[in-house]
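K.L.:
Letter by letter, the chains look like this.
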Amino acid sequence: MHPAPSVIIFTSLSGLGFGLLFWMGLGVLAPTGWVAFAFFTIAYLLAVGGLMASAFHLGHPERALKAFTQWRTSWLSREAWASVLALVTMALYGAGLVFFASRWAVLGYLGAALSLATVVTTAMIYTQMRTVPRWHNATTPGMFLSFSLGGGALLAGQVTLASWLLPFAGLALVAHWVMGDRALAGSGTTLASATGLGDRGTVRSFEPPHTGTNYLLREFVHVVGRKHSVTLRVIALLSGFVLPVLILLAGAGHVLAAVAVLLHLVGVFASRWLFFAEAEHVVGLYYGKR
Amino acid sequence: MTSLPEKTDRKLGLVIDLDTCVGCHACVISCKGWNTENYGAPLADTDAYGADPSGTFLNRVHSYEVQPESGPAQLVHFPKSCLHCEDAPCVTVCPTGASYKRVEDGIVLVNESDCIGCGLCAWACPYGAREMDPTAGVMKKCTLCVDRIYNENLPEEDREPACVRTCPAGARHFGDFADPESDVSKLTAERGGMDLMPEQGTKPVNKYLPPRDRDIDVLAPLLEPVAEDSKGFLGWLDKTLSKVGGA
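These protein sequence lines map, in sequence, to chains A and B. Take any residue in the first sequence, count from 1 to its spot, add 182: that is its number in my numbering. Take any residue in the second sequence, count from 1 to its spot, add 661: that is its number in my numbering.
Treat the hints as calculated values from the structure; they're not laboratory data. All residues carry an ideal CB built from backbone N, CA and C; glycine is no exception. Misleading hints may appear alongside valid ones.
Claimed, not checked - Straight line, CA to CA, 30 Å or less: simulated BS3-like cross-link-like pairs of lysine-lysine:
id	chain 1	residue 1	chain 2	residue 2
1	A	Lys471	B	Lys847
2	B	Lys672	B	Lys847
3	A	Lys471	B	Lys904
4	B	Lys864	B	Lys668
5	B	Lys672	B	Lys693
6	B	Lys904	B	Lys892
7	A	Lys248	B	Lys864
8	B	Lys892	B	Lys864
9	A	Lys248	B	Lys672
10	B	Lys668	A	Lys248
What the hints assert, rightly or not - Cβ-Cβ distance ranges computed for the label pairs, FRET-style:
id	chain 1	residue 1	chain 2	residue 2	range
11	B	Glu860	A	Leu247	32 to 42 Å
12	B	Asp808	A	Thr393	38 to 48 Å
13	B	Glu730	A	Asp363	24 to 34 Å
14	A	Val405	B	Val905	50 to 60 Å
15	A	Thr413	B	Tyr710	37 to 47 Å
16	B	Gln735	A	Thr393	38 to 48 Å
17	A	Val448	B	Glu860	37 to 47 Å
18	A	Asp363	B	Cys685	38 to 48 Å
19	B	Asp808	A	Ala320	38 to 48 Å
20	A	Leu353	B	Asn812	53 to 63 Å
21	A	Pro243	B	Val807	41 to 51 Å
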C-alpha cells in the first residue's frame, strides 16, 4: 500500500492523543488548573491534529460531514462518531478539571471508553480489509491499542504503567510482523485464484494492460523502500519501545522523559510507515507484482 | 445506504469468454469513450501526451501466459472490470452512502455527489475495479452502462454495455443471472463459468468462461515430419553433413 504521509501522521498522532485522554479520563492522573490545561492542550493537539491530517487525503474534504451517516456498516463512519463523541465528552470533563478544579468521574470514565473506542474503530478500518492479508488479523487492533495505551501512559508521565505497557506494545508489533510476513501466502489468494486459470498450469503475467502507471499501481502496489524494511524494523523497535523503557527504568527527569516521548514517536512513525509500505494488496497479483 | 440488499430482483452482469477474447482492447476504448462523454465525471487522463501518461479506466485487459505441465504455453487475454459482487465489500465500507448496490438489478454504483474521495472502497475491492479520478476527486467504477441499458432513446440493439456492444469477437455477453433461462445463465452452466478469487467471499455476479481445451487440431496430421529418416539425396546429405560436423 502507498504509505501516504497524511494517514501515517493521523494514525500515529491521534492514537497517542486518545491514549493520553484515556488515562486522564480514568483519573490515573487528575491535574487541575493550568497543569490540566497543558495536558488537555497536548492531547487535543495530537488527536485533532491527527484528524485534520487525515482530511488531507480526501478528494472532497468539504463533504466530510456526510461521513457520519453510514455507521451501521462502515468503520470509517463509526470512527467519525467515536472521535467526535470522545472529544466532546473529554472537553466537558477537562473543563471541570481546568476551571472548577473538580473531577466529574462518570464523565471521565465515559470519555475514556469513547477514546479507546476511537482507537478500535481506526484499527478496524484496516483490520476489516480482507484484500490486505497482512492487516486482516487480530494483531492489527492489538498493535493500535497497545501503542495508544503505552504511548498515552508515557505522555501522561506514568512511569510504572508505561514501563509495563511499552514492552507489551513492542511485542504486539513483533507479533504483527511475524503473522504479517506469512499472511499473504496463508490467505489462499494467488494469481491462480485471481485468474481462475490455476488448474490449467502455471500462470504468469505476460503483459500488463497499459504501458504507463495507474491509480491501482500507485495506491496498492508500493514496492519502493521495502528493501529497507529490516533496518526500519530495528529502528521502530529500538526507538519506539526499547530505549524509552530503558530511559524510564533509569529514573528519568522531565528532560529525559521528553526525549523518551520523542524517541517513541520516531519509532511509531517508522512502524506505521512499514504498516502501509509492507502491506500487500491482492490486486497486485493481477499485475504480477507479488 | 451502504447496507447490502438481502436479495436483488435481477442480477445483471457480464459473461467474459476467455476462449474467445483476442485482446484487442476495443472494450477498453469504447468504455472510456462512453463513460467520458456521458453519465458522471469524465474519465481523466493526466500528462496524456507527455513522458508519464496515466488515466482512469473502468475496464482493463491483462494478458497471462499459462504453462501446462506438458505442451506449449497458452496466452490468455483477460478483460477485468467491476464484477458487481453480491457481497460487495466496497459498498459496506463507504462512510457516506455514496456507494450502493441497487435492489432492482444488483448494479453497484457510486453517487458522485456524495463521494468524499476517501478511497476506502478501492482498498476493499480485491479486483482493482475502482479507480479514483485524479481530476474529479471521486471514485469511478463500471456502471454496467446503466445509462445505455435502460435508455429508450437508443436503438434496441444498443441497449447493452458499450464493451459488449463493441466486442468484435463476441467475447462479452450481458444479461440477467437471476433468470436461469437467460443466455448468460445458460452459457455459464454449459461452459463452466467461474468466479475470480472465490476465497475472498465477494460472490461476484460476472462470470468468466475458461479457455477451451485445444482438442481439435485439424492440421496436426498433415504436419507430421516427413524427413525424420530421409532417403535418397536428402539422406546422403544428412549423412555427409553429420560426418563433416561430427553430429
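K.L.:
May I ask which of the numbered hints given earlier this structure violates, with the numbers listed in increasing order?
P.N.:
1, 3, 8, 12, 16, 21
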